[in-house]
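Note that our numbering numbers the sequence shown so that position 165 is 165, with each residue one more than the last.
There could be a bad hint or two in this list.
[Stated by the list, open to error] With a Cα cut of at most 25 Å, we get these calculated DSS-like pairs of lysine-lysine:
#	residue 1	residue 2
1	Lys276	Lys312
2	Lys74	Lys116
3	Lys198	Lys116
4	Lys595	Lys212
5	Lys212	Lys276
6	Lys169	Lys208
7	Lys329	Lys343
8	Lys121	Lys86
9	Lys208	Lys276
10	Lys169	Lys121
11	Lys312	Lys372
12	Lys198	Lys676
13	Lys212	Lys198
14	Lys116	Lys195
15	Lys276	Lys329
16	Lys74	Lys595
17	Lys68	Lys676
Think of the hints as simulated: they come from the structure by calculation, not from any bench.
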Amino acid sequence: MQGWLGSATRFQPSLPSFPPPSYHMPGPGHKKKTKAKAQRPQDASPDALAWNIRAEFICDILNLPAIKSRSALKQIHSDVDAVQRKLDLMYVQHDDLYVRGTLCCDARLHDQLLRKGIIGKMVPLLRHETTRFAILRAFAVMSHNGSEQAIVQIAQETSDALIDVIDDKKDIDPAAASLCVVILSHCLLAAVGDKEIKLNVASQYPWKRVLKTMLDVLESPQSNVDAWVHAMQFLVGAAMALRSYYLVEPRAPQFLCALLHANNMELRIQGMRGLKRLTILVPEHITEAFWEHGLNRCDILQHGACAGEYQKAMIQVADTLDLVDLGRKLYSFIYRDELSIMKGGFMDENNRLIQTRLPFLMWDESLPHCAKALRDLGESKTFPVGNMKVSALDMADVLTIKWYLITSRYNDSFNTAVAGLARNPDELYYYYAAGVGQANPELKVQYSRKGLARVKAGVKIPSAKGAMMSIEDNYVRLGLLANSTEHALWLAFDLAETQGHDHTKWERSLALNYGRVYLMYIITKLLWEAPTLSADMREFKVSLQFNCAALLLRLNNHALWTFGNAWTWSTRSPAFAYNEPDCTQHRLTVETIRKHYTAGVKLFAPAIAQFGSIKELAGANVPLPAEQEALYAWFEEDPSKHDSGHDVLRLSRWSTDGLELYACSSCGNASAVLRKCSRCGTARYCDHSCQKQHSVDGHKKTRKAVDGS
Numbered sequence: 001m002q003g004w005l006g007s008a009t010r011f012q013p014s015l016p017s018f019p020p021p022s023y024h025m026p027g028p029g030h031k032k033k034t035k036a037k038a039q040r041p042q043d044a045s046p047d048a049l050a051w052n053i054r055a056e057f058i059c060d061i062l063n064l065p066a067i068k069s070r071s072a073l074k075q076i077h078s079d080v081d082a083v084q085r086k087l088d089l090m091y092v093q094h095d096d097l098y099v100r101g102t103l104c105c106d107a108r109l110h111d112q113l114l115r116k117g118i119i120g121k122m123v124p125l126l127r128h129e130t131t132r133f134a135i136l137r138a139f140a141v142m143s144h145n146g147s148e149q150a151i152v153q154i155a156q157e158t159s160d161a162l163i164d165v166i167d168d169k170k171d172i173d174p175a176a177a178s179l180c181v182v183i184l185s186h187c188l189l190a191a192v193g194d195k196e197i198k199l200n201v202a203s204q205y206p207w208k209r210v211l212k213t214m215l216d217v218l219e220s221p222q223s224n225v226d227a228w229v230h231a232m233q234f235l236v237g238a239a240m241a242l243r244s245y246y247l248v249e250p251r252a253p254q255f256l257c258a259l260l261h262a263n264n265m266e267l268r269i270q271g272m273r274g275l276k277r278l279t280i281l282v283p284e285h286i287t288e289a290f291w292e293h294g295l296n297r298c299d300i301l302q303h304g305a306c307a308g309e310y311q312k313a314m315i316q317v318a319d320t321l322d323l324v325d326l327g328r329k330l331y332s333f334i335y336r337d338e339l340s341i342m343k344g345g346f347m348d349e350n351n352r353l354i355q356t357r358l359p360f361l362m363w364d365e366s367l368p369h370c371a372k373a374l375r376d377l378g379e380s381k382t383f384p385v386g387n388m389k390v391s392a393l394d395m396a397d398v399l400t401i402k403w404y405l406i407t408s409r410y411n412d413s414f415n416t417a418v419a420g421l422a423r424n425p426d427e428l429y430y431y432y433a434a435g436v437g438q439a440n441p442e443l444k445v446q447y448s449r450k451g452l453a454r455v456k457a458g459v460k461i462p463s464a465k466g467a468m469m470s471i472e473d474n475y476v477r478l479g480l481l482a483n484s485t486e487h488a489l490w491l492a493f494d495l496a497e498t499q500g501h502d503h504t505k506w507e508r509s510l511a512l513n514y515g516r517v518y519l520m521y522i523i524t525k526l527l528w529e530a531p532t533l534s535a536d537m538r539e540f541k542v543s544l545q546f547n548c549a550a551l552l553l554r555l556n557n558h559a560l561w562t563f564g565n566a567w568t569w570s571t572r573s574p575a576f577a578y579n580e581p582d583c584t585q586h587r588l589t590v591e592t593i594r595k596h597y598t599a600g601v602k603l604f605a606p607a608i609a610q611f612g613s614i615k616e617l618a619g620a621n622v623p624l625p626a627e628q629e630a631l632y633a634w635f636e637e638d639p640s641k642h643d644s645g646h647d648v649l650r651l652s653r654w655s656t657d658g659l660e661l662y663a664c665s666s667c668g669n670a671s672a673v674l675r676k677c678s679r680c681g682t683a684r685y686c687d688h689s690c691q692k693q694h695s696v697d698g699h700k701k702t703r704k705a706v707d708g709s
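Please model the complete structure; the sequences and the hints are all you need to start from.
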């Protein structure tokens, strides 16, 4: 007997010998050529033939069709309740489980069996030697071939019992223990989800026991191959949801780091994937704050949407050369997002800037050109923006002010804003720009508070319906508040300091009361928009982070540790300037690797070296095309079947012939009563919802191609 979860020799029952079949040779010219069938793998248990014989005997007693074909399963589908009642008669002798286990290969049948409480009947029988493996085989089929709700139900009702089997039988019955690991991996990965599971919160699943069991499998070089692979997949896939459990169990991050030491490229990628998932989780209180405030009102989504429209506008103007239309779009972008005008340009395949027919090279340089085109239209020209009319001259001034602010010409932006206010006191961006561009704190407070007074009087910000935030959330109003508050605070501090010297009136210091009202906003803004490092230092850190990932994937350990000194310097030196580095996903991943890499390699290297050499884990050896154009076609053909989303499933067998079922073209569930697509004749679906989803995923194009031919 080998180590835990290792291969074991089962008792082979003596089977009766059958006479060889007689062969009738056909006459010449009458034999048709047939396709050679692939040899089927043997069942995991030598006892399977005895189970199949017993199941056939039970079917004869209960007058049920022998389940050897799809037609037999279709007969059972026609009257499932009657079949259930007959099988219930055999429950006392536990003979019904051999039939029920085979029925589980049909996804729609095993969903009905779950509703009838089949798991509650099977779990107690795991204690019996004669029925354990048959039940585990049924659970394995159900966990491979079923809906997410069904798999989660299996996880809820069987997790503790399966772990008990592993603990009790890992040395006595390694094959059964290995199958338990496979079932746990499939079911619990469907149950974890993407939300963090707290460590001390009651749960339906024994996560601590599960994690310890999986790590024991991964640590042992004598583990079964299937068990080791499924345990690895669980550790990688559950890293985000079980983050709090991983942090108190050092072996979990150590194993993920040890995967980076494997010679197998697939394992190194899996390790990096797990480490990324371990650090990607957004804190729950921040997520709740975003949802409470409203995702569409948050600056992150506004900035992302505006950036996409900004790029589309630049691509469109390269064809139309309409600077007036571009200026109108830039005007709306400026009001929507403070960082909407970004640097960029048209580049060739070698990342070199291309000079188009436009009068500017970089995209942000379009502002003065669009402003000139709008100003040439005259003051009388207006454009509709939402429910308002905005003059072309105001649009031109806003674009000009934005250009001055981008290029740090604050005096010019202030003068342009003051001139615009003299012409139109209802353009709120002028107040914002005057507050930003003025160096005198008294004038900053003055213009900011005037703008807030106009907002209170009912002046609206031009906006397109559904495309911009309300004035309460707009950065122009918030900027007026922040500027007014901040400068009022500094003004109050200055006045309080000089009061005793030049006898300034204390009434001037009452500006502090106004500043105190919005003090919490300033604190929150500083916390969320923490000062960043200089551009050079930031780019250096980012390049180091990506260089670390590249070194790990190339398995260049010498270069990795040479990199460590530079990483330490880049992260610690800013702290002396009271500028702590940001907790980005890349930085946290690299820190996790540096903390657990050495210990993880010592602990898991033997097992990873053994299982990393298995051909099944190495992936398909597909030659890459030489030219870039052929690479896209290579990905479209998908020679390695990267898009395959389901495991290759061999369903439970009655005899040496396998029971083959068609799988749903949308969800992948196998059943004998799938609906065939009436247009193409090849696709099959569980129900109308699967057919509709497959049509959305691209089957509609396939049907059109079939109809066209």
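The hints, checked one at a time:
no. : hint            : in the structure
1   : Lys276 - Lys312 : violated (32 Å)
2   : Lys74 - Lys116  : holds (19 Å)
3   : Lys198 - Lys116 : violated (33 Å)
4   : Lys595 - Lys212 : holds (21 Å)
5   : Lys212 - Lys276 : holds (21 Å)
6   : Lys169 - Lys208 : holds (19 Å)
7   : Lys329 - Lys343 : holds (16 Å)
8   : Lys121 - Lys86  : holds (15 Å)
9   : Lys208 - Lys276 : holds (22 Å)
10  : Lys169 - Lys121 : holds (21 Å)
11  : Lys312 - Lys372 : holds (22 Å)
12  : Lys198 - Lys676 : violated (45 Å)
13  : Lys212 - Lys198 : holds (17 Å)
14  : Lys116 - Lys195 : violated (31 Å)
15  : Lys276 - Lys329 : violated (38 Å)
16  : Lys74 - Lys595  : violated (57 Å)
17  : Lys68 - Lys676  : holds (22 Å)
Hint check: violations occur at hints 1, 3, 12, 14, 15 and 16; the rest are consistent with the structure.
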